[in-house]
Amino acid sequence: MDALDVARWQFGVTTVYHFLFVPLTIGLSTLVAVLQTVWLRTGDERYLRLTKFYGKLFLINFAMGIVTGIVQEFQFGMNWSDYSRFVGDIFGAPLAIEALLAFFLESTFLGLWIFGWDRLPKRVHLACIWIAAIGSTVSAYFILAANSWMQNPVGYRVDPETGRAELTDFMAVLTNKVTLITFPHTIAGAFLVAGALMTAVGLWHLMRHRTEEFRPAVKLGAWVTLIAAATVAVTGDTQGKIMTEVQPMKMAAAEALYQTEQPAAFSVLTVGTLDGSREIFALKIPYLLSWLGTGDPNGTVHGIDDLQAQYTAQYGPGDYSPVIPVTYWTFRLMIGLGMAGALIALIALWAQRRGRIPTNRWLLRSTLALPVLPLLANISGWIFTEMGRQPWLVFGEMLTRDGVSRSVSLTEVLTSFTAFTLLYAALAAVEVKLLLRYARAGLPDVAPVSSDEEDRPLAFAY
Amino acid sequence: MELTTVWFALVAALFVGYFVLEGFDFGVGILLPVLGRDDKQRRVLINTIGPVWDGNEVWIITAGGAMFAAFPEWYATLFSGFYLPLLLILVALILRGVAFEYRGKRPDPHWKARWDTAIFFGSLLPAVLWGIAVANIARGVPLDANHEYTGGLLDLLNPYALLGGLTTLALFVTHGAVFLALKTTGDIRARANALAGRVGVAAAALAAAFLTWTAPAGLALLCAVAAVAALVGALIANRRGREGWAFLGTATGIALAVATLFAGLYPDVLPSTVDPAHGLTVDNAAATPYTLRILTWVAAFFAPLVLLYQGWTYWVFRRRLDISHIPD
Numbered sequence: 012m013d014a015l016d017v018a019r020w021q022f023g024v025t026t027v028y029h030f031l032f033v034p035l036t037i038g039l040s041t042l043v044a045v046l047q048t049v050w051l052r053t054g055d056e057r058y059l060r061l062t063k064f065y066g067k068l069f070l071i072n073f074a075m076g077i078v079t080g081i082v083q084e085f086q087f088g089m090n091w092s093d094y095s096r097f098v099g100d101i102f103g104a105p106l107a108i109e110a111l112l113a114f115f116l117e118s119t120f121l122g123l124w125i126f127g128w129d130r131l132p133k134r135v136h137l138a139c140i141w142i143a144a145i146g147s148t149v150s151a152y153f154i155l156a157a158n159s160w161m162q163n164p165v166g167y168r169v170d171p172e173t174g175r176a177e178l179t180d181f182m183a184v185l186t187n188k189v190t191l192i193t194f195p196h197t198i199a200g201a202f203l204v205a206g207a208l209m210t211a212v213g214l215w216h217l218m219r220h221r222t223e224e225f226r227p228a229v230k231l232g233a234w235v236t237l238i239a240a241a242t243v244a245v246t247g248d249t250q251g252k253i254m255t256e257v258q259p260m261k262m263a264a265a266e267a268l269y270q271t272e273q274p275a276a277f278s279v280l281t282v283g284t285l286d287g288s289r290e291i292f293a294l295k296i297p298y299l300l301s302w303l304g305t306g307d308p309n310g311t312v313h314g315i316d317d318l319q320a321q322y323t324a325q326y327g328p329g330d331y332s333p334v335i336p337v338t339y340w341t342f343r344l345m346i347g348l349g350m351a352g353a354l355i356a357l358i359a360l361w362a363q364r365r366g367r368i369p370t371n372r373w374l375l376r377s378t379l380a381l382p383v384l385p386l387l388a389n390i391s392g393w394i395f396t397e398m399g400r401q402p403w404l405v406f407g408e409m410l411t412r413d414g415v416s417r418s419v420s421l422t423e424v425l426t427s428f429t430a431f432t433l434l435y436a437a438l439a440a441v442e443v444k445l446l447l448r449y450a451r452a453g454l455p456d457v458a459p460v461s462s463d464e465e466d467r468p469l470a471f472a473y
Numbered sequence: 039m040e041l042t043t044v045w046f047a048l049v050a051a052l053f054v055g056y057f058v059l060e061g062f063d064f065g066v067g068i069l070l071p072v073l074g075r076d077d078k079q080r081r082v083l084i085n086t087i088g089p090v091w092d093g094n095e096v097w098i099i100t101a102g103g104a105m106f107a108a109f110p111e112w113y114a115t116l117f118s119g120f121y122l123p124l125l126l127i128l129v130a131l132i133l134r135g136v137a138f139e140y141r142g143k144r145p146d147p148h149w150k151a152r153w154d155t156a157i158f159f160g161s162l163l164p165a166v167l168w169g170i171a172v173a174n175i176a177r178g179v180p181l182d183a184n185h186e187y188t189g190g191l192l193d194l195l196n197p198y199a200l201l202g203g204l205t206t207l208a209l210f211v212t213h214g215a216v217f218l219a220l221k222t223t224g225d226i227r228a229r230a231n232a233l234a235g236r237v238g239v240a241a242a243a244l245a246a247a248f249l250t251w252t253a254p255a256g257l258a259l260l261c262a263v264a265a266v267a268a269l270v271g272a273l274i275a276n277r278r279g280r281e282g283w284a285f286l287g288t289a290t291g292i293a294l295a296v297a298t299l300f301a302g303l304y305p306d307v308l309p310s311t312v313d314p315a316h317g318l319t320v321d322n323a324a325a326t327p328y329t330l331r332i333l334t335w336v337a338a339f340f341a342p343l344v345l346l347y348q349g350w351t352y353w354v355f356r357r358r359l360d361i362s363h364i365p366d
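Order-wise, the sequence lines are chains H and L.
For the first sequence, the tail end lands on 473 under the working numbering, and the numbers increase by one without skipping.
For the second sequence, the tail end lands on 366 under the working numbering, and the numbers increase by one without skipping.
The reader is advised that the hints may include incorrect statements.
[Unchecked claim] Mimicking SDA-like on lysine to any residue, the simulated pairs with C-alpha atoms at most 20 Å apart in a straight line are:
hint, chain 1, residue 1, chain 2, residue 2
1, L, Lys143, H, Ala437
2, L, Lys143, H, Ala138
3, L, Lys150, H, Ala437
4, H, Lys67, L, Pro145
5, H, Lys444, L, Lys143
6, L, Lys150, H, Tyr449
Hints were generated in silico from the structure; no laboratory data involved.
With these hints in hand, go ahead and build the complete structure from the sequences.
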């Protein structure tokens, strides 16, 4: 084991951990804003109670999202300083703009929303949660633009003298076709998680305690989940076509497709060795991979072996394929788990139709799995995206092993890896317990918000 | 003016903003066990910064992002070089941030006590370590010809940097005490005022010693003298119970002390103590003019907006707090 391996594990662990909280923040902030909007427009107090209930879950999650995000901002420089030197001219800009445009907006207006219930006029207070929600969505765009540049570098040249990548066209970076498709895919994935959580918690209360107030949340959550699932599928399909074009190795690795095929079949499930030497059992849908990858059922999909030969000729000797079992299975888990979550939401929506209160025991149990499935799907998708790019850090330009910090010792990386992993594990346990505690607690009572007098207790205090 | 100079000034301004705004956040966190005698009082303390601490913290994230974008070499060398102190700062900031949000989520006193400990150390460590880090930037560190940091952890813990850490600690505690005197009423206000008077003398003395050791010249010297003067002014205002002026004084003092370091540093961004030729300057560490131009447009447009709405937040939550305001 060397510093490179540990640095990769550290970035993987900290990023996956960060992304456990990100989708909920993006999705739930908007859904809470919708609930509060409905309350303000209808005056129906149920929606105020729902706003406060889901708002609390959102904030428990948001705290973890922020603190894990700080680490990411500095980790590039700490562990990947040679990468930072190489790409800083391009990669730094979206990061800095993200902080200036989105992080300030999100953190400041969320503070106003949390503490401003009795300090701000109702409409201004509502605007605060909307601005915070918009802020988190905007931040997703910029960070995805930065990541997409690593997948498909555009708008740059490499200075032959310094050996550094230099920005030549910022608009090209912002309108990278990988960014344009990854952004809606990721946002839809976030709404899939948030919608599923809203449905699951609401359904649990509806079934266990017959709390009718949760019914609107179940409906809203389930519809959001279903629409998000459809959007995820459509954007995922487009993304697959773009991926086949700009990163053919990733598509081949997703399918463990070794030989170039025309037409190529989609492997639903293959049991056997994934190095392609032996296949025990395979369930395949003919033409589907060609259609997914190229939009033409008879299109050519390049195989790993041919791409390896092509890259060796282009970039010199080396292994240019990612870890196939990881890419193969995370691709399947992403699709399978996400769709399983959407299916449960559909059943939930059907089971509570026309004022019914569902009684099915399996449906009640599935409320535990419902938010977890899309969350794991999100994680699988990111592991696929990131590990499918290996061995490249910047596709075609910089190998992962060349980007690591040379001045940082193995001991130092091991120290930080251990520290973050243990700390994150402990905090995850605390967070899950708190979420369950508050999810179970049910709807809070709402005190009427009175006018501005000096000595009245605050509407909210830490 | 060269865009590299503009961005050097902007990065410096982001650090100034961070130290002025998080300075009192750290101070409040460190004073939590000192001025908060029971749970209600500790909650008063925490809630003085409740709505704003998160927005204040974004200043350092933006500073990091701005360094990465405008001076990639500086960002890369600094953060890989100052590895372990930065790790400690990050762990501290993680625990502190979670503690604010989770502390009140369960009524159990042991639960609260544990998070209070996290708030205390989560504020104490960065208050010292940021001082050490910035002092090392001003003093320079061993860099090789590739601008890579070649020293160890102990090189960062040199006497000058340790004095810097002690100075920021004393400054932030004073700043926090003055802020608490400004934002509370009754018992806490009186005790915060008294404490600010005592720690403030040490802070002003440490700042004077540290800035003298920095040996500023020209504009930096002007900043240094004004910084110490502002701190002394803050002490006088504090004694007279003029809390607004006292807070303005500590804020100005901290801002000018940070400005002294950066003004003295220019045109270097990270000097090398081994060979001046190995050092990083605004020229050899900067991004391309094209990138800087884009960043300048974005900053010119959005930075004033940020100042405007953050200022508005402070106006919205301008009311003083007391234990009577803390709900059960």
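Open item on the list: Does Ala437 (chain H) sit within 20 Å of Lys150 (chain L), going by the straight-line distance between their CA atoms?
Closed with: With a Cα-Cα distance of about 16 Å, the restraint between Lys150 (chain L) and Ala437 (chain H) holds, given a limit of 20 Å.
Task: Holds or violated: Lys143 (chain L) to Ala138 (chain H), with C-alpha atoms at most 20 Å apart - done: violated, 26 Å
Task: Distance restraint between Lys143 (chain L) and Ala437 (chain H), which requires alpha-carbon spacing of 20 Å or less - done: holds, 17 Å
TODO: Below or equal to 20 Å on CA atoms is what counts here, so check Lys67 (chain H) against Pro145 (chain L).
DONE: holds, 16 Å
Task: Pair hint outcome, Lys150 (chain L) versus Tyr449 (chain H) [Cα-Cα no greater than 20 Å] - done: holds, 17 Å
Task: Hinted pair Lys444 (chain H) and Lys143 (chain L), Cα distance within 20 Å - done: holds, 11 Å
Of the numbered hints listed earlier, the single one contradicted by the structure is hint 2.
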